[in-house]
Every structure is written in structure tokens, then in C-alpha cells.
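Each chain, letter by letter, is given below.
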Amino acid sequence: QQQVKQSPQSLIVQKGGISIINCAYENTAFDYFPWYQQFPGKGPALLIAIRPDVSEKKEGRFTISFNKSAKQFSLHIMDSQPGDSATYFCAASIEGGSYIPTFGRGTSLIVHP
Amino acid sequence: DAGVIQSPRHEVTEMGQEVTLRCKPISGHNSLFWYRQTMMRGLELLIYFNNNVPIDDSGMPEDRFSAKMPNASFSTLKIQPSEPRDSAVYFCASSFSGHEQYFGPGTRLTVT
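The listed protein sequences derive, respectively, from chains A and B.
Each number in the numbering used here comes from the position in the first sequence (counting from 1) with 48 added on.
Each number in the numbering used here comes from the position in the second sequence (counting from 1) with 29 added on.
Here chain B stands alone, though its shape is the one from the complex (with noise of 0.2 Å):
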């Protein structure tokens, strides 16, 4: 199993630009998370999906973020537009109806 899977890696855009991240769960897994990881604050949940439908988006920081989940094996998270106070590492993790996440490599978001 390869595991989750994000894309991009990397991403440097300039603020005000729309940014897309990318993420394939692992195969069988019914619950998608999408986390922000800053040193300032941490890991903190923006999303939970279960059965691909959103059960919570409270750590959605505001209207710029969304997410969506149009399939089992497909979710995005957007930022539109984006600020410089959105560079953080952007982590998406999966789970089967159970406590054990499995995180994907994350994607570095640099707004400039």
C-alpha cells in the first residue's frame, strides 16, 4: 500500500493566488482529515470527512478554506485567496472508523 498521498509537496504562490491541495486516502479508509501544522499553534483539524461526507469543518479558519471530498479516494482543500498567514504544512490523514491515523508526507505551503 503506498500509504496517503498529497500533492503538492511544495507550494510557493503569491498572495491573493488560489491554492489546491491534493489528497488520495488510503484504500478502504472511510475517514479523511485535513490538519494545519505551524510552530505557533501546532496540529490543529480543519476538516473531518467519514463516508465522504463533511462531519466537521469548525477548524475551518475562515471562509477562505474549503474542502471537499467528491469521492473515496479523492479530496481537495483549497485556499482562496490565499494570505501569507496560510504558510504552514498542510497534513491530510485517513482512517478506518477507528483511532489509528495514517498521515500522508504533507504539503509546505509558502504564500509570499
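Here chain A stands alone, though its shape is the one from the complex (with noise of 0.2 Å):
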């Protein structure tokens, strides 16, 4: 069951462009969506995260957009620069329970210089 969909599975972006990466969730219970970046050979680590109480975050170019209603989040990257060019994952659980949270399959963004 995946209970978070994440697209595209892959993404060609000129330098300067915008990078948009886009994931659906079904469980209503979930509140907490953090987005993870994963640089080939590392481990993922945590980029941004929000909380449906707000409808948008931005951290300098990365920008998460969140639409309750319709159970979608998305994240932006302004102005791509090539040392962006990594797999970004999506994700969602629940505070309060056992903070496990549910994976997207993963974008892999690739920036052109």
C-alpha cells in the first residue's frame, strides 16, 4: 500500500530554473511532511518540513507548498544550481504516534549547468 505518491520519478532542470516535486498522501492522520535530499553514496538527510497548519514554508530557494484539502504537498527549488542535482524524497507521519513516517519513492533531479 503506498500511501504517499511521489512525482515525477525523474526530473532535467537548467541551471536557474525551477525544480517542482510533487507528492499525494491518504491518510488524513498524517502531520508532519518533511522533505529528505539524498546525495549518491550518503544517506538522506533533511531538507525541509512542514506542518498542515501552515500552507507554505520557504528555507532560501526551497520552498514547500501544502494544500490540505486536497491531501498534496510539493516542493520548489528556486533558481536550480547544479549542487542541487540529487534524489529527494517526501514523506509524512504522525506526531504523537510512533514517528515512523511513510516514504515517496523518490525524484531524482538533475540540474544542468
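Keep in mind the hints are simulated off the structure, nothing from the lab.
A portion of the hints provided could be inaccurate.
[Claimed, not checked] Listed next, the in silico DSSO-like pairs over lysine-lysine satisfying Cα-Cα at most 30 Å (straight line):
1) B:K53 <-> A:K90
2) A:K90 <-> B:K107
3) A:K90 <-> A:K63
4) A:K90 <-> A:K105
5) A:K63 <-> A:K53
6) A:K105 <-> A:K119
7) A:K106 <-> A:K119
8) B:K53 <-> B:K97
9) B:K97 <-> A:K90
[Stated by the list, open to error] Coverage of chain B stretches by chain A, computed from C-beta distances (three or more under 8 Å per stretch; other residues unrestricted):
10) 67-75
11) 117-130
12) 133-141
These numbers come from a predicted model, not from an experiment.
For every residue, glycine included, the Cβ atom is placed at its ideal position computed from N, Cα and C.
Each of the two chains sits in its own frame; use the hints to bring them together as a complex.
Here's what the structure looks like:
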């Protein structure tokens, strides 16, 4: 059962462009939505996270947009740079529960110089 | 802080052999997670410990897999006997009663 669906599977963007990765979830009990960034040969690392009491969170060039009614959230990378080339995972979990996240399948982002 | 430490970083073994992966979580963290990552299945949670106690092992694929956490600073994931389909990158992650997980660098396992 895939509770968090992520798209696209891969994404190629030119330097300076906007990268957009989308996720949709099914379980309305989810109340914490992090994004992880994984470089080749490394473990995933938390990039940015949002709770459903806000519709948007921005940290530098990275923004999460959250649509509670549609049960969707997305990651926007503004002014994409070659150093942003990595695999991005969205996830969802329940605060106050076991904190076990449900991960999306990942998006491989390549930013061409 | 050194972060989550995993060893070995790479392991190549023959089918039927026992494999033991090791993890040292971040000091002070009370939750530990073992994941398996493959191209086909993405990131899969294998087992979750809280305060050294296994809480959820529903992701352990079969009896060939076992995990222990004898103390707060050490955990092992054992595969016996190993099979080629076990080839994957295995990650250990730790957290402190919260959502943010800190992942180790992973162990790339190849079973021939």
C-alpha cells in the first residue's frame, strides 16, 4: 500500500530554472511532512519540513507548498543549481505516534549547468 | 558529533553466508530505524526500536533477517543465510522522540 505517491520519478532542469516535485498522501492523520535530500553514496538528510497548520514554508531557495484539502504537498527549488542534483524524498508521519515516516519513492533531480 | 556510524560501508559476500551490519546511533537519541533501499522498492523500513526495544518489525522481509539493540549505542542487522535478492543499501537512522531522522552513510551489500 503506497500511502505517499511522489512524482515525477526523474526531473531534468536547466541551471536557474524552477524544480517542482509533487507528493500526494492518503492518510488524513498525517500531520508532519518532511522532505529529504540524498546525494549519491550518502544517506538521506532532512531538507525542510511543514506541518498542516501553514500552507507554505520557505527556507532559502526551497519552498514547501501544502494543500490540506487536496492532500497534496510539493517542493519547489528556485534558481536550481547543479549542486542541487540529488534524489529527493517526500515523507509523511503522525505526530504523537511512533514517528515512523512513510516515504515517497523518490525523485532524481539533475540540474544541467 | 560524528553522526550515525555504520559499518562496514561495503560488503560483498556469497549466497548462503551470514552478514552482520552494524550501527552506532547519535548519542542521546532514543529511536533507531533500519531501512533498505533499492531501485525497485525505494526506501523500506525494516525495523524500528524505541529505547532499545523493538517496536515494529513488520518490515523485516523474512526470518532470515534479525535485528538487535543490546544497548543505546549499538544495533546490528543480521541476514542468515544471505541471498542475491538481499543486495541493497542498508541504512540506519536515529532520532530523539521526534520526526527528524538522522541517517547514516549506509552499507552497500552485494550478495553473489
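Q. Hey, K53 of chain B versus K97 of chain B, does the alpha-carbon distance stay inside 30 Å?
A. Distance ~12 Å between K53 of chain B and K97 of chain B Cα, so the pair holds.
Q: For the pair supplied as a hint, K53 of chain B and K90 of chain A, confirm whether the alpha-carbon distance does not exceed 30 Å.
A: holds (16 Å)
**Q.** Restraint status (C-alpha distance of K105 of chain A to K119 of chain A at most 30 Å)
**A.** Answer holds: K105 of chain A to K119 of chain A is near 16 Å, not above 30 Å.
Q) Would you say the region 133-141 of chain B counts as covered by chain A, given the rule of at least 3 residues with C-beta under 8 Å? A) Contact hint for the region 133-141 of chain B vs chain A: holds, 3 residues under 8 Å.
Q.
Need the status of pair K90 of chain A, K63 of chain A: alpha-carbon distance at most 30 Å?
A. Holds. K90 of chain A to K63 of chain A sits at ~23 Å (cutoff 30 Å).
**Q.** Straight-line alpha-carbon gap K106 of chain A to K119 of chain A, limit 30 Å
**A.** holds (19 Å)
Q) Under the criterion that the straight-line Cα-Cα distance not exceed 30 Å, is the pair K97 of chain B, K90 of chain A satisfied? A) holds (24 Å)
Q.
Need the status of pair K63 of chain A, K53 of chain A: alpha-carbon distance at most 30 Å?
A. holds (27 Å)
(Q) Quick check: do three or more residues in the region 117-130 of chain B have a beta carbon closer than 8 Å to a beta carbon of chain A? (A) holds (count 8)
**Q.** Annotated coverage of the region 67-75 of chain B by chain A, confirmed only when three residues or more have a Cβ within 8 Å
**A.** Contact hint for the region 67-75 of chain B vs chain A: holds, 3 residues under 8 Å.
Q) Do the alpha carbons of K90 of chain A and K105 of chain A lie within 30 Å of each other, as the hint requires? A) holds (26 Å)
Q. Is the straight-line distance between the alpha-carbon of K90 of chain A and that of K107 of chain B 30 Å or less?
A. holds (22 Å)
Against the hints set out earlier in the document, no violation occurs for any number.
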